[in-house]
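Chains as they are written, first to last, in my numbering: chain Z, 1 to 354; chain L, 1 to 250; chain A, 1 to 72.
Wrong hints could be hidden among the right ones.
Claimed, not checked - Keeping only pairs whose Cα atoms sit at most 27 Å apart, straight-line, the calculated BS3-like set for lysine-lysine is: (1) L:61 - A:28; (2) A:4 - L:186; (3) L:186 - A:69; (4) L:61 - Z:192; (5) A:69 - A:28; (6) A:69 - L:229; (7) A:4 - L:229; (8) L:7 - A:4; (9) L:229 - A:25; (10) L:61 - A:49; (11) L:192 - L:7; (12) A:4 - L:6; (13) A:69 - L:43; (14) Z:202 - L:192; (15) A:25 - L:186; (16) L:43 - Z:192; (17) L:43 - A:25; (18) A:25 - L:61; (19) L:7 - A:25; (20) A:24 - L:6; (21) A:69 - L:192; (22) Z:202 - L:6.
Keep in mind that the hints were calculated from the coordinates and are not lab data.
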Amino acid sequence: MAERVLMKGNEALAEAAIQAGCRHFFGYPITPQTEINAYLSRRMPKIGGTYLQAESELAAVNMVMGAASAGVRAMTSSSSPGISLKTEGISYMIGSDLPCLIVNVQRCGPGLGGIRPSQADYNQATKAPGHGDSHILVFAPATVQEMVDIPFKAFDLAERYRMPAMILADGLLGQMMEPVVFTDESAKQNEKPWATTGHENKRPPNFVTSLYLDPAILEQKVTERFARYAEIEENEVMTEGSYLEDAELVVVAFGATARICRGAVNQARTMGMRVGLLRPVTLWPFPKKQLRQLAGTAKHVLTVEMNMGQMVNDVRLAVSGAAEVHFYGRAGGMVPTPQDVLAEMRRILGGEQA
Amino acid sequence: MSVVYKKSPVLTDAPMHYCPGCGHGIIHKLVAETLVELDVVGKTIFVASVGCSALAYNYFKLDMVQSPHGRALAVATGVKRALPNHVVFTYQGDGDLAAIGTAETIHAAARGEKLSVVFVNNAIYGMTGGQMAPTTMPGQVTQTSPYGRSTETAGYPVRVCEMLATLDGVAYAERVAVDTVPHIRKAKAAIKKAFSNQLAGRGFSIVEVLSQCPTNWALPPLQAIEWLKENMIPYYPLGVFKDTAAEGGE
Amino acid sequence: MVNKVTIDEAVCKGCALCTMACPKKVLKLDMGRLNIRGYHPSTVASPEKCVACAMCAMMCPDSAITVEKEAN
Numbered sequence: 001m002a003e004r005v006l007m008k009g010n011e012a013l014a015e016a017a018i019q020a021g022c023r024h025f026f027g028y029p030i031t032p033q034t035e036i037n038a039y040l041s042r043r044m045p046k047i048g049g050t051y052l053q054a055e056s057e058l059a060a061v062n063m064v065m066g067a068a069s070a071g072v073r074a075m076t077s078s079s080s081p082g083i084s085l086k087t088e089g090i091s092y093m094i095g096s097d098l099p100c101l102i103v104n105v106q107r108c109g110p111g112l113g114g115i116r117p118s119q120a121d122y123n124q125a126t127k128a129p130g131h132g133d134s135h136i137l138v139f140a141p142a143t144v145q146e147m148v149d150i151p152f153k154a155f156d157l158a159e160r161y162r163m164p165a166m167i168l169a170d171g172l173l174g175q176m177m178e179p180v181v182f183t184d185e186s187a188k189q190n191e192k193p194w195a196t197t198g199h200e201n202k203r204p205p206n207f208v209t210s211l212y213l214d215p216a217i218l219e220q221k222v223t224e225r226f227a228r229y230a231e232i233e234e235n236e237v238m239t240e241g242s243y244l245e246d247a248e249l250v251v252v253a254f255g256a257t258a259r260i261c262r263g264a265v266n267q268a269r270t271m272g273m274r275v276g277l278l279r280p281v282t283l284w285p286f287p288k289k290q291l292r293q294l295a296g297t298a299k300h301v302l303t304v305e306m307n308m309g310q311m312v313n314d315v316r317l318a319v320s321g322a323a324e325v326h327f328y329g330r331a332g333g334m335v336p337t338p339q340d341v342l343a344e345m346r347r348i349l350g351g352e353q354a
Numbered sequence: 001m002s003v004v005y006k007k008s009p010v011l012t013d014a015p016m017h018y019c020p021g022c023g024h025g026i027i028h029k030l031v032a033e034t035l036v037e038l039d040v041v042g043k044t045i046f047v048a049s050v051g052c053s054a055l056a057y058n059y060f061k062l063d064m065v066q067s068p069h070g071r072a073l074a075v076a077t078g079v080k081r082a083l084p085n086h087v088v089f090t091y092q093g094d095g096d097l098a099a100i101g102t103a104e105t106i107h108a109a110a111r112g113e114k115l116s117v118v119f120v121n122n123a124i125y126g127m128t129g130g131q132m133a134p135t136t137m138p139g140q141v142t143q144t145s146p147y148g149r150s151t152e153t154a155g156y157p158v159r160v161c162e163m164l165a166t167l168d169g170v171a172y173a174e175r176v177a178v179d180t181v182p183h184i185r186k187a188k189a190a191i192k193k194a195f196s197n198q199l200a201g202r203g204f205s206i207v208e209v210l211s212q213c214p215t216n217w218a219l220p221p222l223q224a225i226e227w228l229k230e231n232m233i234p235y236y237p238l239g240v241f242k243d244t245a246a247e248g249g250e
Numbered sequence: 001m002v003n004k005v006t007i008d009e010a011v012c013k014g015c016a017l018c019t020m021a022c023p024k025k026v027l028k029l030d031m032g033r034l035n036i037r038g039y040h041p042s043t044v045a046s047p048e049k050c051v052a053c054a055m056c057a058m059m060c061p062d063s064a065i066t067v068e069k070e071a072n
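The following block holds chain Z by itself, in its conformation from the complex (with noise of 0.2 Å):
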């Protein structure tokens, strides 16, 4: 199906977990991601599916463990307080070294906050997805045609590095319609020799757990876990750049967001300012690298976020001085505009070009 398709990023994100394989999802209802679960009712039944939808988003990613455990391909999605109840889950499932995908489309908050667009869930994807030492792959996509391409891309990196993926989009994206392409891309799955699915009296039993209660076995799991997220950090960062190469002044931002500073930046250039975008797709693993090059020729980092500033530390961490880096974010489910960032611009560089 390769022609262009209108369609709502929920949807297009719902329909390429699809092609990607993914036949359990579990869910429970939250604006703005609704329509995942609605889309996903309607096509699971017709394609031998299972939609569930569950008591409650935290029953819901345990069921999601369930399926991960018997090898299959599953996901749940929900909007951050819906996140804040699978954290229990998603930790065991990165004790299990379990594969599966969850969707968080951010609303702002704390607590019930509102129905916008946000990006203030960013420390948690990429900091504490859950208790004890653990990562999650983060996915950050910034047009809905990546919420088409990135589930394929999530669900693989899940099952060969073994653990969660979570596609971190906001409101805007799972509410916004653009004209999709769905590449006939290979769903092919990863070998899951590790999988529950009865020993049919051939194989030593399998067993999935997180529960070690050997310290030094446990420590032995924790520390090989993070040697596969030292090998991600390696090989698995994804960013998109434009005008870095003789930007004195860097803007990063993720996301819808990311849109925005773009228009910014366009029109930055027309004026003759030297700013560039770097874009993170993947928030976890974090470009920290690429960072601190840009910072070494930039003068300037500028980074741009739907919350009160979160992103920006990793980005101080990774400038680590070599660049001045400076924030700009709104709140509450307010959405910054072209002007804003370019105002921004013009405060930074201004001292420049008085």
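Starting from the known structure of chain Z, arrange chains L and A on it as the hints suggest.
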């Protein structure tokens, strides 16, 4: 000499960590023996819960999944949906199923998930050292009801079988005990029925097993058995609370 | 007809449930010594009274008891 009784081949050689006289060991045997008799050992997935039985992975030669406390029935739902032709069961204590896991239990039952549930009710949290559970008896002294469970401040014990029997998704709900050999025979028959239901594609089956916890009841095993008889059975009557197969519900 | 009850003493926890379950009072805890686990082990005190009903074995939480019957 012909063998009348010996240890089930599904059980490993690992000595069980359960306290002397604990009912878990008996119930483990009944599950193991049932799986052999139904010849489903190779296609069974044991979904373990968190409590004294969390260490069951040491004792069963089965594929197993260790679920978070209270979430076994959600995890089992996921396993069963992924493997509809396999035998999937949970083994849970009263804290796991009737406290933190209440919502997961009620909704798995309401959905009629084709699962078998072995629910061990020993009226206390064993693993953590004897705290009050939802099934703790009124007046029963525990680490967190040191003056005896007050119904005024800590409410009343939950009768799970009766509660779940009201749900149409439930095919079978029976309460048994393992305090005497006749009761053990009945418990085994009930467990076998819970698994047979699953093989026949009938909905949610639960066997609630009243079980003695000598250590945390602070009673020697034989007296714990008496305490169970005199206190638990009157409050938790044994018997079948739902059996759609028997009612010709087919 | 000699029936045989074997108790795996290394597994027995001296809970005495088997002594209660046995209808013929064949089993008794040996209060004179401790097994490797520090419990008074159950022992087959009067084997001649055993009818191989295996109720002791069914009751034992630790699968410590094996019961065999003379094939007549």
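To see whether the hints hold, each was checked on the structure:
1. For the hint pairing residue 61 of chain L with residue 28 of chain A, the CA-to-CA distance comes to about 32 Å; that exceeds 27 Å, so the pair is violated.
2. Between residue 4 of chain A and residue 186 of chain L the alpha-carbon distance is near 26 Å, which keeps this suggested pair within the 27 Å criterion.
3. Taken as a hint, the residue 186 of chain L and residue 69 of chain A pair is honoured in the structure, with Cα atoms around 24 Å apart against an allowance of 27 Å.
4. A C-alpha spacing of about 20 Å is found between residue 61 of chain L and residue 192 of chain Z, which places the hinted pair at or below 27 Å, so the restraint holds.
5. A hinted pair counts as satisfied when its Cα atoms are at most 27 Å apart, and residue 69 of chain A with residue 28 of chain A qualifies at roughly 20 Å.
6. Between residue 69 of chain A and residue 229 of chain L the alpha-carbon distance is near 32 Å, which puts this suggested pair outside the 27 Å criterion.
7. With a CA separation close to 31 Å, the supplied pair residue 4 of chain A and residue 229 of chain L exceeds the 27 Å bound.
8. For the suggested pair residue 7 of chain L and residue 4 of chain A, the alpha carbons sit about 15 Å apart, so the restraint of at most 27 Å is met.
9. With a C-alpha separation of about 21 Å, the suggested pair residue 229 of chain L and residue 25 of chain A falls inside the 27 Å cut-off, and the hint holds.
10. Simply put, residue 61 of chain L and residue 49 of chain A have alpha-carbon atoms about 36 Å apart, too far for the 27 Å limit, and the pair is violated.
11. Taking the CA atoms of residue 192 of chain L and residue 7 of chain L, the gap is about 18 Å. The hint holds against a cut of 27 Å.
12. For a cut-off of 27 Å, the pair hint linking residue 4 of chain A to residue 6 of chain L stands: about 12 Å separates their Cα positions.
13. For the hint pairing residue 69 of chain A with residue 43 of chain L, the CA-to-CA distance comes to about 33 Å; that exceeds 27 Å, so the pair is violated.
14. Proposed proximity of residue 202 of chain Z and residue 192 of chain L is supported: the alpha carbons are some 24 Å apart, at most 27 Å.
15. Proposed proximity of residue 25 of chain A and residue 186 of chain L is supported: the alpha carbons are some 23 Å apart, at most 27 Å.
16. A C-alpha spacing of about 17 Å is found between residue 43 of chain L and residue 192 of chain Z, which places the hinted pair at or below 27 Å, so the restraint holds.
17. Restraint check: the Cα-Cα separation between residue 43 of chain L and residue 25 of chain A comes to about 41 Å, which exceeds 27 Å; the hinted pair is violated.
18. With a CA separation close to 34 Å, the supplied pair residue 25 of chain A and residue 61 of chain L exceeds the 27 Å bound.
19. Between residue 7 of chain L and residue 25 of chain A the CA atoms are separated by roughly 22 Å; this keeps the pair inside 27 Å, and the hint holds.
20. Taken as a hint, the residue 24 of chain A and residue 6 of chain L pair is honoured in the structure, with Cα atoms around 20 Å apart against an allowance of 27 Å.
21. Using a Cα cut-off of 27 Å, the hinted pair residue 69 of chain A and residue 192 of chain L holds, with the two alpha carbons roughly 26 Å apart.
22. Simply put, residue 202 of chain Z and residue 6 of chain L have alpha-carbon atoms about 24 Å apart, close enough for the 27 Å limit, and the pair holds.
The structure fails hints 1, 6, 7, 10, 13, 17, 18 (numbered hints given earlier, in ascending order).
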